[in-house]
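Engineer: So you can see what is in the structure, the chains are spelled out below.
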Amino acid sequence: MRLKTRVSAYTLSAALIWSSGALSQQMKAEVLHWWTSAGESAAVKVFADQFTKAGGTWVDNAIAGGANARTAGINRMVGGNPPTMMQFNTGKQFDELVSNDLVRDVDKLAQAGKWRELMPKPIVDASVREGKFFAVPVNIHGQNWLFYNTKIFADAGLEPPKTFPELVASGEKLKARGIIPLALGGQPNWEHNLFRAVLVGHGGADMFRKLYGARDQQAVKSPKFKETVELFGKMRGLVDSGSPGRNWNDATALVITNKAAMHFNGDWAKGEFIAAGQTAGKEYGCALVGDGGGKLVIGGDVFVFPTTKDKNQLATQDKLIEVLLDPTSQIEFNKKKGSIPVRMDVDVSSMDVCAQKSHAVLKDPANQVEAMELLSTPNFSGAMQDAVTQYWNNANMSADAFIEKIVGAMRDAS
Amino acid sequence: MTTVSIRAPGISPPATTKARRRIRTRLPAAFALLPTALVVLVVYIGCMLWTVRLSFTSSTLLPKLDWVGLAQYSRLFANDRFLTSAENIVIFGALFISGCLILGFLLAVFIDQNVRGEGIFRTLFLYPYAMSFVVTGVAWQWFLNPGLGLQKLVRDMGFESFTFDWLVNQDMAIYTIVIAGLWHGSGLTMAILLAGLRGVDEDLWKAARVDGIPTWRVYTSIVLPLLRPMVVTATVLLATGVVKLYELVVAMTLGGPGIATEVPAKFVMDHLFERNNIALGTAAATIMLIAVVSVLAPWVYARYVRPQGRHA
Amino acid sequence: MSAVEPHGRRPRHLTIGRIGIYAFLITAALFFLLPLWIMIVTSLKPMDEIRLGNIVALPTAPTFEAWTKAWSSACTGLECNGISVGFWNSVRILIPSVVLSIAAGAINGYALSFWRVKGANLMFGILLLGAFIPYQVFLYPLVRIFSMTGVYNSLLCIVLVHVIFGLPTMTLLFRNYYAGLPLELFKAARIDGGGFWTIFLRVILPMSTPMIVVASILQVTGIWNDFIFGLTFAGRENLPMTVQLNNIVHSTQGERAYNVDMAATMLAALVPLVVYFVSGRWFVRGIAAGAVKG
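Chains as they are written, first to last, in the working numbering: chain R, 1 to 414; chain L, 415 to 726; chain Z, 727 to 1020.
Hints were generated in silico from the structure; no laboratory data involved. The beta-carbon is built from N, C-alpha and C at its ideal position, and this holds for glycine as well. Do not take every clue at face value.
Simulated DEER-style distance windows between Cβ atoms [claimed, not checked]: (1) L:570 with R:283: 26 to 34 Å; (2) Z:920 with R:28: 50 to 58 Å; (3) Z:791 with L:570: 46 to 54 Å; (4) Z:825 with L:708: 49 to 57 Å; (5) L:629 with Z:784: 36 to 44 Å; (6) Z:784 with L:634: 41 to 49 Å; (7) R:234 with L:572: 30 to 38 Å; (8) R:99 with L:646: 22 to 30 Å.
Take the sequences, apply the hints, and build the full model.
Structural biologist: This is the structure:
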């Protein structure tokens, strides 16, 4: 583990240099994150304002694009000049930060704040390594929402679908009326997101976990999985020909402008509806599709705290954590971000109907399904994405060939 | 081949003094090249070796120096996305470089016909080069999208059966990348070649006119060979752009439909930064490097390394 | 200007050939203008109109709101000050980087093409190959090198990085250009007893203006539009404008204002565009002075 000691030596020496300068400035926190759009900016402001109120100084360092921000952050850790707090992804991505001692263990605060009781188990599991919290979750995003245009469904005399076979059937009817049944951002990650929505809705939570978590080849070879894959394949017919390459925002716009009926996306898509002046429950609705009322695939954003020996910085980090999980900032932040609070003990009645629905669904642990990012390595997720996009875009590729590719990805990807 | 002898003619000092003198006069030149030599050694060679070394490891998010032999390479060559990428870069490279040279040359020749508003045309052809592709790619994407752009416009004009769906067609999507690439790169080629054209001797044109040689013959048989250094410079610049092709693809297709427009640089970037798979990413980078070296090394050697001193 | 006068045939009146020339140029210009047209009309529309998807249609009620927003009030994180924030940082990175990388390229090119230094051509060969590696591969080891030497995250650091990655093309440009200069000039200067630097400063550099302009166009464009190096090496205080531009146009989950994106991109491209426009004249005239004739 030569690298490990070398890396920690860098961080250590850097921390010392950093601290000598920071001592004079009380509670100055540099925060690296990737929230840069207008809505996201308003959300960050909630945290920043609370921190300022508590006597701190928030130095904002925003870099759009998770990969850009993560790379910049990791380079700065390795280069010996880490920020005070840094956004990261829950799940496997930060395993190595933990094993290289690059991020701080915050378990003392977690125990004092009873995080394990307040947060859904998948979120807790994602933030805990070696029995300790190494990351602070701040929100929960549901990834498999169906957004639908209420007017189109009312005009067609249809109910929003409850299951995927139903969805395909109503999709065909809508298509006959000259409407795009399903708006899809035809980029590999959104195609993959749609696949996961179908998998958890039709294949079930267990199969979802077996594929992304356990990489169980038997589960993938089961008849139920094949049926799911074929159903997913049928949905190709519900998408318009302009889908490939389209940005997700443009797909959402199709629903907003009454051109398309349905759109699968994470709850962040609400931001587009809000920007267009639409209200959840009025112009558009949100629903979970799947057997038994549907499960919610949840992930979220977390912050990590680079290791430091400086007492002042440690105190600043503690204060930041307090601010992040404060019930008021949780509600206000998540209203703006489109997500829901990570604490299940706050009152969500002031939030929009979709958020309230999320909160209610998650009350039952059986409905909580951990997102792919929490179950799988980025590498396997990427390999799956390559497989899904090939299947989705080749109408003549058989379900068996697709399954074969998945098995290959399970075998090869680290 | 011309070589410079660094010695004033007419003086012939004894051999040893001559050699020493030559070394002394060349010393400043060697010193001037020293910083670059250091950079080449530390940064270029150093980073190349580091990259190659990492490709034999199992590094994921952070580099680590274990040894897994050729495991990453066997994964790489079993990866259909990488193979598609390799194929695409050959198609793109051939069409993009030849297209830019032809279009750039034509534009330069036509601009060189004493046209009005030359400055405007020149700036128009060059402006795409100044713009970040992240957003100009969106404009292209919209225009090529069958539901929004050209196809819809022509159909709205009444030609109901008109179809232009290359962007969303797996077999044709790579050519839309070529089109946008030409738009982006041929202006610079035009500028370089135009500069070359302006340097062609006036007497040559007069002579050609006297001999009654048609203009197009003068361009192809006399002017073009004269432009050789400019063509070489332009080709090298374009070729580096081909190997590094990334932004254009991300902005227009993100590698899709499916994996139809994936390219090697995107494969490297995705694995280094998105997929925490430094080892496979560096293996792909190593293969790219080997490919470039094997194509270019003979040319670089023959043209730049073997000849000592200058040559035209 | 007689010095820029083009060569070739110069018919005086409108013939079929002339019409053909203009037809070709105008068609080409339309092709080049197409995306710009889409970007301009989009930047003048409100988002509600953009969502309808008539991408080439003129705006019903043009508004410059997106432009002012992009410049001074679009959100790029906690702050909402548009792309203007990083403008001066970009300028501060641009000027020393362009000057130094061109100087390095000119000196290298001069040393390589007029002086015989052992191993110099091998070095140039390797440098040239280096131009073909995606530079993202270099990021991690470079961060390590710079943090060891203590210049990481500073203006000096980002300038050094730009100079290092400019070396291959700059050296190539000047080396090929000098290879075309008449050798007699150099020989004469040697006879007059000029040393390495004297000849460079008194004879070679004054003749290099055309190539310096070409090199400036390349480097100004490349460095002004650089995002990844600035982000990685410049440090928080010196982040270039492209970081704000990226924050505006590249949010993964946030809602997207295309009109602001388009305006921001065009605004960010203004500096290289001005450089093209201003330098266009010398650019063309200069090269004729020697590059090919020699």
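Engineer: Any hints this thing doesn't respect? Which numbers, in order?
Structural biologist: 3, 4, 8
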